[in-house]
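Here are the chains, one letter per residue:
Protein chains: 2
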Amino acid sequence: MTTAAPSARVLEHPARAEIRLEGVLHALSDPLRLLIVRELSGPRPELTCSQIELPVTKSTTTHHFRVLREAGVIQQIYRGTAKLNALRRTDLDALFPGLLDAILTAATHQADRKQSSPSGV
Amino acid sequence: MTTAAPSARVLEHPARAEIRLEGVLHALSDPLRLLIVRELSGPRPELTCSQIELPVTKSTTTHHFRVLREAGVIQQIYRGTAKLNALRRTDLDALFPGLLDAILTAATHQADRKQSSPSGV
Numbered sequence: 018m019t020t021a022a023p024s025a026r027v028l029e030h031p032a033r034a035e036i037r038l039e040g041v042l043h044a045l046s047d048p049l050r051l052l053i054v055r056e057l058s059g060p061r062p063e064l065t066c067s068q069i070e071l072p073v074t075k076s077t078t079t080h081h082f083r084v085l086r087e088a089g090v091i092q093q094i095y096r097g098t099a100k101l102n103a104l105r106r107t108d109l110d111a112l113f114p115g116l117l118d119a120i121l122t123a124a125t126h127q128a129d130r131k132q133s134s135p136s137g138v
Numbered sequence: 018m019t020t021a022a023p024s025a026r027v028l029e030h031p032a033r034a035e036i037r038l039e040g041v042l043h044a045l046s047d048p049l050r051l052l053i054v055r056e057l058s059g060p061r062p063e064l065t066c067s068q069i070e071l072p073v074t075k076s077t078t079t080h081h082f083r084v085l086r087e088a089g090v091i092q093q094i095y096r097g098t099a100k101l102n103a104l105r106r107t108d109l110d111a112l113f114p115g116l117l118d119a120i121l122t123a124a125t126h127q128a129d130r131k132q133s134s135p136s137g138v
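Protein sequences, first through last, are from chains A and B. Residues in the first sequence are numbered consecutively from 18, following the numbering used here. Residues in the second sequence are numbered consecutively from 18, following the numbering used here.
Mixed in with the good hints, there may be bad ones.
Stated by the list, open to error - Ranges between beta-carbon positions, derived for each pair:
1) G97/B with T74/A: 50 to 56 Å
2) A128/A with T77/B: 32 to 38 Å
3) R83/B with A128/A: 23 to 29 Å
4) R106/A with A128/B: 21 to 27 Å
Hints in this document: simulated from the structure, not taken from any laboratory. Computed from a prediction, not measured in an experiment: that's the story for all the values here. Every residue gets a Cβ at the ideal spot worked out from N, C-alpha and C, and that includes glycine.
Please work from the sequences and hints to get the whole structure.
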């Protein structure tokens with residue numbers, strides 16, 4: 018009789034002290050990753066990957082979530098077979114006060130400008 | 018008799034409306050480029066490339082300044098044979114209020130942590 022494999026898969030996350038500003042800025046320098054972070058800053062702080070609609074393949078989506086996790090921007094935990102994603106807001110606010118909010122505000126400003134300008138800038 | 022070539026070389030810069038948040042974050046996701054921006058936010062707002070000491074070759078230094086210019090983070094103008102660099106603070110503050118200051122504060126926090134920790138984190 019074999020024992021069941023552990024069902025709780027745990028993904029690696031950097032500890033708070035390992036999170037680097039450069040890594041966070043790099044993770045957020047992509048429009049789709051910015052979109053993910055904007056979604057996670059909304060009223061539902063925990064979302065599965067499939068609850069955030071991105072115009073790319075599933076493997077590209079997985080890649081973007083991994084970049085965010087490895088940079089310390091999001092936490093990913095398995096619940097059953099789904100990965101639940103959440104911003105690491107407490108860690109980021111402690112390390113870099115005001116940074117996440119400034120980036121989220123800037124992303125919202127940019128999205129608003131884009132919508133109100135026919136040329137898209 | 019030939020006419021002299023124009024001495025005023027002008028480098029290309031994105032207009033304010035062309036500056037993208039993703040590009041700014043990408044430009045600032047490198048430790049040396051962050052260092053350049055921190056220097057330009059200091060008491061001397063205009064510096065030549067050689068006044069900012071970086072532990073890399075001159076061509077790599079030139080590359081980093083170009084990335085910052087093309088992203089809209091800095092302005093570069095020729096004065097004689099020297100390039101003078103300055104932050105585009107007015108443009109960045111108008112587009113993304115609070116963002117540049119939040120990033121500069123975060124960079125200072127991180128540098129202070131690094132100095133006070135023997136492990137460098």
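Taking the hints in turn, this is what the structure says about them:
1. G97/B with T74/A: 50 to 56 Å: For T74/A against G97/B, whose Cβ atoms are near 52 Å apart, the range 50 to 56 Å holds.
2. A128/A with T77/B: 32 to 38 Å: Given a distance of about 34 Å, which is inside 32 to 38 Å, the answer is holds.
3. R83/B with A128/A: 23 to 29 Å: holds, 28 Å
4. R106/A with A128/B: 21 to 27 Å: Between R106/A and A128/B, where Cβ atoms are some 23 Å apart, the hint holds.
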